[in-house]
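Peer 1: What follows is the residue order along each chain.
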Amino acid sequence: MLAAIAPSVPVADISHLVPGFDIDRGARMLEAALPYYPAGSVHMGVVDPGVGTDRRGIALRAARGDHCVGPDNGLLIGAAELLGGVTEVVELQSPAHRLHPTSRTFHGRDIFAPAAAHLAIGLELDRLGRRIDPATLVRLPRTGPEVDVGTIRAAVASINAYGTCQFDVVDADWERAGFAGRSPIVVEVSGGRWTVPHVLTFGETVADEPLLFEDSSGRLSLAVNLGSAALRFGLRVGSWVRFRTGEGGATA
Amino acid sequence: MLAAIAPSVPVADISHLVPGFDIDRGARMLEAALPYYPAGSVHMGVVDPGVGTDRRGIALRAARGDHCVGPDNGLLIGAAELLGGVTEVVELQSPAHRLHPTSRTFHGRDIFAPAAAHLAIGLELDRLGRRIDPATLVRLPRTGPEVDVGTIRAAVASINAYGTCQFDVVDADWERAGFAGRSPIVVEVSGGRWTVPHVLTFGETVADEPLLFEDSSGRLSLAVNLGSAALRFGLRVGSWVRFRTGEGGATA
Amino acid sequence: MLAAIAPSVPVADISHLVPGFDIDRGARMLEAALPYYPAGSVHMGVVDPGVGTDRRGIALRAARGDHCVGPDNGLLIGAAELLGGVTEVVELQSPAHRLHPTSRTFHGRDIFAPAAAHLAIGLELDRLGRRIDPATLVRLPRTGPEVDVGTIRAAVASINAYGTCQFDVVDADWERAGFAGRSPIVVEVSGGRWTVPHVLTFGETVADEPLLFEDSSGRLSLAVNLGSAALRFGLRVGSWVRFRTGEGGATA
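Residue numbers (the numbering used here), protein chains in the order written: chain A, 1 to 252; chain B, 1 to 252; chain C, 1 to 252.
If we strip away everything but chain A, and leave its shape as in the complex, we get (with noise of 0.2 angstroms):
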């Protein structure tokens, strides 16, 4: 569809490895890689378990001056943000802009290329469809990490294909916690407790040693030099894990 709408335009596909159904991980993945993009891309994102149902097909404008285009569901609105926010949202009706017969299971085809295609090729927003209120935009919960002084509680949010684990940890927590500046950490899940050292890089580390790291989104990780942390530590999206300063681990 968008060869054929906007066959002048150059298309970059960041990936259709997202699992199925996984909008969260879907979100994360765009909130990784939109801010690299130029400022006025047109993105669509697609994953879309409710397709079909009454959830809403949307196309909004970000302050940098990106579209994005996809379904209401979340997918969108983190990457967004981080695009300087959300100035105006349509919600996709107009049948100008769609494929027609219309299925009810493939709105990537149907609805939202066409419209990311229309865009791309300098449509205004309003053509797609009515306004809507960006304040009612569905979002995704997220579980942000619980922190007191000396110690760090957080949610696996995402495992990447190395196995590494990211945490929805940032300096921040990390200041209020009050956690030293490289000092080892010792991390704690159901039924184990390690000391892991706190490093920039994983050069830091030898193959196998687990490792902290800030990673390439400011995140907290928790990896294993040429292993998977996921393996190792038995984690899993949505485990809880336990950081906090001082001895009593053993070594991982």
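For the record, the hints were derived by calculation from the structure and aren't laboratory data. Heads up, a few of these hints could be off.
As the list claims (entries may be wrong) - Some but not every residue of chain C turned toward chain B, in silico, with C-beta under 8 angstroms:
#: 1; residue: ALA161
#: 2; residue: TRP174
#: 3; residue: SER239
#: 4; residue: TRP240
What the hints assert, rightly or not - In silico contact screen, one side only, chain B against chain C (beta carbon under 7 angstroms); selected entries:
#: 5; residue: THR53
#: 6; residue: HIS100
#: 7; residue: ARG104
Backbone N, C-alpha and C define an ideal beta-carbon position, used for all residues, glycine too.
Place chains B and C on chain A using the hints.
Peer 2: Okay, now just chains B and C, sitting in the frame of chain A:
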């Protein structure tokens, strides 16, 4: 090879995920995708277990103005029919439009991509080889459904990444069987019998509930909401399923 | 980063499927692909287990006019030699041609892609950092075959998605061993011995039959028609296999 011969022609990469040797799966992917490309596109498809044998390499023109390039093993012809049917075919024989030395095991690189790239920059089809009779093209055997009043038997035609099972059953078959609009359907698989709702969209069912629906290519599909019908019903490509009206099935 | 810095430069994405940390697999993929790109292309490769250590980031020019960008860990050099050899190399140090802040774990995004994009829009190589001696570049250790009259021992160099096993054995080795044209070869793997036909193409064998052939990069390969040689013979990358002429093997 595309970048070397046709550097200014945009390339859209549909998929590299067709399982090895599965010509029918590749053909169905092309049938689902090619009609949505702009008329006049050049399409290359390679699923080619017979590479290096006397199976022919071909380039064809379809009535819509598109060209399709690949092996003569049935991969292209279904899609070409959706593009209006084959109007001309040549066997790829021109030494001037292939890579030298020409390997015996990688015609995607050495023969098909050069031919497609040359067509994309305007080469006439006849320059690639001698005309052959479209009636001699290899076709895939496909077993259509068995339709009687009140019952349809069909084999699973394909299974997508979600585990949704597609059948070569279209509206006309449904009507011939006399199935009423949206009544539940009894689905019989070896050893089991379930009553499954016949819906327009996933949203009419709840998580883990099976459903029958017309998919985005107009074919009957059996899915499980947020799950896998292939796993739930133990289905593989080629498995036979019987659909009938009336009572008698447990709810899956 | 490519779209942001070099929006009008076409990008071809070879693969994201190199297994994590497998520099040799990545290097072989680049060796198989880069010679077919047009001379003067800019190639970026990132398989980078040493990211954030003192391993250098480099950009090199090859005799053919291409540039290669990535980590100095052996990933690029084999391909560069196929492009005519390395003529100049710089260490990527220019603050003006990287992303700020620069992460310690994602140099693909922060250092390599910006460097490649700047080269693609015409930046001079020397603007990216200081010249270094090509002789100091890291090279991958590769164990060549052991060739005697009548026998060749070689380790599996790579295994593709079909399970076909490739060896670093080329025509010259075959001749040194004095193997006759297309006689069957005895293949010895730990605990087993099979006589395998030596053919030009898969089509000379039947389904499930093993075969030896020269693959599309000119290397000896062991395959199973419509099957997996890795599974059939229990081979992994690095497994040693002995090939010899003469009788004595059961048919696999």
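Peer 1: Now, for every hint given, state plainly whether the structure supports it.
Peer 2: Verification of the hints:
The criterion of a C-beta within 8 angstroms of any C-beta in chain B is met by C/ALA161, whose closest approach is roughly 7 angstroms, and the hint holds. At its closest, the beta carbon of C/TRP174 sits 16 angstroms from a beta carbon of chain B; the interface hint therefore is violated under the 8 angstroms criterion. Restraint check, C/SER239 versus chain B: the minimum CB separation of about 21 angstroms is more than 8 angstroms; hint violated. Below 8 angstroms, beta-carbon pairs count as interface contacts, and C/TRP240 has none with chain B, the closest being about 24 angstroms; its hint is therefore violated.
Against a cut-off of 7 angstroms between C-beta atoms, the interface hint on B/THR53 holds, since the closest Cβ of chain C lies about 3 angstroms away. Taking 7 angstroms as the C-beta contact cut-off toward chain C, the hint placing B/HIS100 at the interface is violated, the least distance being around 13 angstroms. The closest approach between the C-beta of B/ARG104 and any C-beta of chain C is roughly 4 angstroms, which is under the 7 angstroms cut-off, so the hint is satisfied.
Hint check: violations occur at hints 2, 3, 4 and 6; the rest are consistent with the structure.
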